[in-house]
Amino acid sequence: MNRMRWRNVKAQFKEQKTGIIALIILTIFIIGAVFAFLSPYDPNKLVPTDRLLPPSATHWFGTDDYGRDYFARALYGGRVSLSVGFLAMAIAVVVGTAVGAISGYFGGFIDNLLMRMVDVLMSIPSFFLMLILNAYLKPSIPTIIIIIGLLSWMSIARIVRAETLSVKEREYVMYARVSGQSTLRIITKHIVPSILPTIIVSASINIASAILMESSLSFLGLGVQQPNSSWGSMLNNAQGFIGEAPYMAIFPGLFILLTVLSFNFLGDVFRVAFEPKVNRR
Amino acid sequence: MKKNILRRVLQSIPLLWFISVVSFALIKLAPGDPVNSFVTPNMSAEDVERIRHSLGLDQPVIMQYFIWLKNVLQGNFGYSLTNHRPVLELILERLPATIGLMGSALFLSLIIAIPLSIIAASRKNKLLDRGIGMISYIGISIPSFWFGIMLIYIFAVKLHWLPSMGMRTIGVDSFWDIVKHGILPCAVLTFINVSMYSRYIRSQAISQLEEDYVQIQYAYGATKRSVLWRHVLKNVLLPIITILGMSFADLIAGAFITETVFSWPGMGSLGISSVFGLDYPVIMGITMFSSFMLVIGNLVADILYSVVDPRIKTMR
Chain A
45 MNRMRWRNVK AQFKEQKTGI IALIILTIFI IGAVFAFLSP YDPNKLVPTD RLLPPSATHW
105 FGTDDYGRDY FARALYGGRV SLSVGFLAMA IAVVVGTAVG AISGYFGGFI DNLLMRMVDV
165 LMSIPSFFLM LILNAYLKPS IPTIIIIIGL LSWMSIARIV RAETLSVKER EYVMYARVSG
225 QSTLRIITKH IVPSILPTII VSASINIASA ILMESSLSFL GLGVQQPNSS WGSMLNNAQG
285 FIGEAPYMAI FPGLFILLTV LSFNFLGDVF RVAFEPKVNR R
Chain B
563 MKKNILRRVL QSIPLLWFIS VVSFALIKLA PGDPVNSFVT PNMSAEDVER IRHSLGLDQP
623 VIMQYFIWLK NVLQGNFGYS LTNHRPVLEL ILERLPATIG LMGSALFLSL IIAIPLSIIA
683 ASRKNKLLDR GIGMISYIGI SIPSFWFGIM LIYIFAVKLH WLPSMGMRTI GVDSFWDIVK
743 HGILPCAVLT FINVSMYSRY IRSQAISQLE EDYVQIQYAY GATKRSVLWR HVLKNVLLPI
803 ITILGMSFAD LIAGAFITET VFSWPGMGSL GISSVFGLDY PVIMGITMFS SFMLVIGNLV
863 ADILYSVVDP RIKTMR
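If you're matching them up, the sequences are chains A and B in order. All you need for the working numbering is the position in the first sequence, starting with 1, plus 44. All you need for the working numbering is the position in the second sequence, starting with 1, plus 562.
Check the hints yourself; a few may be wrong.
[Said to hold, decoys possible] Here are a few chain B residues that face chain A, going by a calculated C-beta distance under 7 Å:
1) I575
2) L577
3) I629
4) I704
5) P705
6) F707
7) I745
8) A749
9) I819
10) S835
11) S852
12) F854
13) G859
I should point out that these hints are in silico values taken from the structure, not numbers from a laboratory. For glycine and all other residues, C-beta sits at the position ideal for the given N, C-alpha and C.
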């Protein structure tokens, strides 16, 4: 990642207004999640007399079926949703990059073996597999992160492998090899840095899909469990009150949509900025 | 050509085998002893052992796998733990509802996505193109279950135009009734598919519009309309086969969630309820079945592509 590329990213942000909007939305959500404790309401405090109050000046997003302040719950829910998405992405990127780089660099038997493994994992509907594993292992936030991370690295591995194949033929990699550097060093010091732009693009798209997966799992009741909540699990609860309290469904869903949309926009900005000739369409 | 197809078919055999190993592992990894679902309180220890023996569970895992594989190959996927019916029968019973929903959503998606994205490509970066682009971005980012809930809220709860769940009204047996139940789930799937496809078709159409033949057509005096709908359309149809193959996995995942939101009695909602009931044989059956569909879908897309575009075979 040299200075030139960062300049491209900056220029691209100036050009694509959606990129700036995405950054602003994400910043607001992240600040909201980090400083959730500043909210005057306790997200888990039950107030039976305040059941299902519609949004008002005191309760911005109303209250839920237990009288809990929905705005406070949305802030804490965002904390879970965002951190699950981010950590699952981190696992997927590390595994995907490692598998892809090793596969592409060594080639031959190792490449064949690893890529067939990727084929197999990609030909099982991974969402169903996540559901099954979540049902087997007691669902908790760490298991959800690990399961989503370990079942969504495959497309990153494929992209990284393809890039590695072309990078490893470059002169500087050959020079590093001839000068006797260890394989591990070549991969970590020369190959991975030069494909970092691709990895960043995949990462921002991956975090978007990780957040979507977590919310789907939690919505079905096989993700984040009480007393914790994420935007997805809030929707699970809201479905039952759709007639009397539609705001309970509207807010968390809107937040998921805005977050995922923002990460997809960011991915697009990076994609065009790193490969301006190919991707400016 | 034939050799190519044969090679692709042979390549997918190890894949199918691996899938069978994973599915088998899913049963073996399941918490709890599978014998328990057959045990009643007044059975003696010998009875339990006899059941274990009759189920083949006293044999080594490798042997169990081969016995299981032999059964699967003969179409015997085992029996559901909850209602003791054959798994294959349960799946086949639910399959028409899923295929009906998926098929009509897929058909609608293509009918909408192809013209829409060709129009968008022909007005690249104009207001219409940007509008379509924005909507398709929303489509790939929206949680499908939330979109479903919102549609239920608007069209079923508020307007009372459409039913919110199930496939039939009890006591009514007409095709129109099924269509009415299917509109909302179909709309959810279609919107998401159109968003996914149109982004891809649009960029294909744009690269087609940059080809020399388009310039030649214009030079011959062809109108924009005839270039778009006679020439670009034809060349864009080809790569669509590939995205159909690729999007198969998303289609299946979408079925699981959308069917659950709308209580559509298909394979997806059967899968979700089997996960909740820890009904291992059904879970395994659905995993195998949907993976098979995925592998075969990709295989058919690949073969179809090389049939439609014979240049492919020289490239591989």
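Hints, one by one, checked against the model:
Checking I575(B) against chain A by beta carbon gives a least distance of about 12 Å; that is not within 7 Å, so the hint is violated. Annotation: L577(B) was flagged as interfacial toward chain A, and the flag holds, the nearest CB pair being 6 Å apart, inside 7 Å. Interface hint status for I629(B): violated, as the beta-carbon distance to the closest one in chain A is roughly 22 Å, over 7 Å. With a least beta-carbon distance of about 5 Å to chain A, the hint placing I704(B) at the interface is held under the 7 Å criterion.
A least Cβ separation of about 5 Å between P705(B) and chain A falls short of the 7 Å threshold, and the interface hint therefore holds. The criterion of a C-beta within 7 Å of any C-beta in chain A is met by F707(B), whose closest approach is roughly 5 Å, and the hint holds. Given hint, I745(B) at the interface with chain A, is violated; its Cβ is 18 Å from that chain's nearest Cβ, farther than 7 Å. Checking A749(B) against chain A by beta carbon gives a least distance of about 16 Å; that is not within 7 Å, so the hint is violated.
A least Cβ separation of about 6 Å between I819(B) and chain A falls short of the 7 Å threshold, and the interface hint therefore holds. Given the 7 Å rule on beta carbons, the hint for S835(B) is violated: about 11 Å separates it from the nearest Cβ of chain A. Of the supplied interface hints, the one on S852(B) holds, with its beta-carbon coming within about 5 Å of a beta-carbon of chain A, less than 7 Å. This hint is violated: F854(B) has a C-beta 9 Å from the nearest C-beta of chain A, more than the 7 Å allowed.
At its closest, the beta carbon of G859(B) sits 10 Å from a beta carbon of chain A; the interface hint therefore is violated under the 7 Å criterion.
Hints 1, 3, 7, 8, 10, 12 and 13 from the list above are not met by this structure, while the remaining hints are.
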